[in-house]
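Undergrad: Chains as they are written, first to last, in this note's numbering: chain Z, 19 to 508; chain E, 1382 to 1476.
Heads up, a few of these hints could be off.
Unchecked claim - Straight-line alpha carbon distances no greater than 20 Å define the calculated DMTMM-like cross-link-like pairs of lysine to aspartate or glutamate that follow:
1. E:Lys1454 x Z:Glu352
2. E:Lys1454 x Z:Asp122
3. E:Lys1397 x Z:Glu352
Claimed, not checked - Not close to chain Z: a few residues of chain E, all C-beta gaps over 10 Å, as computed:
4. Lys1383
5. Glu1402
6. Lys1424
Bear in mind the hints are in silico, worked out from the structure with no lab data behind them. A virtual CB, placed ideally from N, CA and C, is assigned to each residue, including glycine.
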Amino acid sequence: MSLAAMTIEEIQRGLAAKEITAVALVKAVFERIKEVEPQVQGYITLCEKEALTQAEAIDKKIEMSVPLGKLAGVPIALKDNICTDGIKTTCGSKMLADFVPPYDATVVKRLKDADAIIIGKVNMDEFAMGSSTENSAFKATKNPWDLSRVPGGSSGGSAAVVAADMSVLALGSDTGGSIRQPAAFCGVVGLKPTYGLISRFGLIAFASSLDQIGPLTKTVYDSAVALEVLQGKDPMDSTSKAPQEINYVEGIKDGVKGMKIGVPREFFQKGLDPEIAASIQKSIEAYRSLGAIVEETTLPITEEGLSAYYIISSAEASSNLARFDGLRYGYRPEDFEKVEELMEKSRTDAFGEEVKRRIMLGTYALSSGYYDAYYNRAQRLRRKIREEFKTIFEKYDLILSPTTPALPFLCGEKSDNPLEMYLEDIYTININLAELPALAMPCGFSSTGLPIGLQIIGPHFSEGKILKAAYALEKDLNIVGKRPQWKEEA
Amino acid sequence: MKLDKEEVKYIARLAKLSFTEDKAERLAEEFTQILSHFQAIDKIDLSDISLELPLDEVKTVLRPDEAKIFENKEKLFKNTKAMRDTYIQVPKIIE
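Isolated chain Z (complex conformation) (with noise of 0.2 Å):
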């Protein structure tokens, strides 16, 4: 096995044990990226020369025995749009082609705090609007498992690396399903924490109030580590509010021995692909003979949080991204004479189709005399949406569904209809609207070979318990280990 394909479990015991070094971790992860990002596109920027500078002070401390990080020599992949001293950080848009941040995210400097390297920023949906990473100014990411299709997105390209061993750990963000959603279409493990749980300083935002960073990893066991790095309050961010630092590896084997997960029948009907709730089913049985007691349920409103959240980010989104103005930093066109026109000019040039539509949306629910009728009214549905889940929680600790209604699509199938775009994200959404934490994983294949991902949801500050249920079904299942075949572009 190369040593690009090991898992953090795999790194941690091996670094232990001296019988791999970080440099050669690093420089197989550059190997395979020489040997396979022609064809997957999913880095915008590497940084090759800096990670094996790193790798080898960690070396260094490994041969003088000085304690390190629970990532120590873990090679990473962030998501463009999180910031990172001296490391251009685009956000998959011309807006921010050249745009190199004075100062590193939170989530940022606690892996380098726990020594992980990092490898490069990965490819985005320009401003994380999308799902399926074409919308990137740059270019767009492939999925590994059949280059004709897409990774999914926002974050595809943190997908796409991890699953085409190009990483080992990936940071993405999610606002409506955009780490879960390319998790699922890519075949990793995908956590969408509850909503405050890692600091989103240094995140450039979409949603804020959606917005939530977590890492996609090759096993649910990785995600849990990478979970404990990344978590805990921040007083550069006024809505991180975890309760305390948790332990999320202790306990990660306990099983789910009487565990009470609810399956929400309005997830499985029209529009769902019946080898995915085939799957699913697999899935299920598999719960009970492991010993949790799975039930049907009821989650009534499904589809219409849809149009709640594309209300509330397309509002929200309007107004952050009005800071990009032309002035201070990022897009300038050459000429112009007053002030307005370099605004206009600035965000005209620079900002893609998807972006502008966005904001656009977002500008007109907000406006006067339709406050009340959209913004408002989505509000008050995502109020119901989350008493919803309370109640279905104070009978069930976890609820199962599909990630996606679909297998990955074609790449270009979806890009002229941004409604139909727009309805991939129906199991993932309200998730984010209750602010809960939800984690992607895969649970089996399509008989054209590519992967099918499950959802797992709790409620708030539940990691724990969903990693200790994705790792039984992981294990049960037994599909860790599977890559992706290279099958050349249609």
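Chain Z is already provided as a structure; the job is to place chain E on it using the hints.
TA: Below, chain E alone, put in the same frame as chain Z:
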């Protein structure tokens, strides 16, 4: 809910964006379609939901409001396109 081209242009002005006639026309059509989907919310009774009451579990995390000096000015202004001395240069705002 039907949106016309003129409304699209008005919203564009508010958002500091501009669109060609064709594009504004297309956006009007797309928005009409998207907004009609948004009417799904009307199917749900929300009369019992109040936005006045704060959610009990939501608390704002506060910190002392202390001014800090960002030492590395060069790094801070690295992304600025036009500067004169220590000022960011912009077009004349007041005639």
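Undergrad: Taking the earlier hints as the rules, which of them does this structure contradict?
TA: 1, 6
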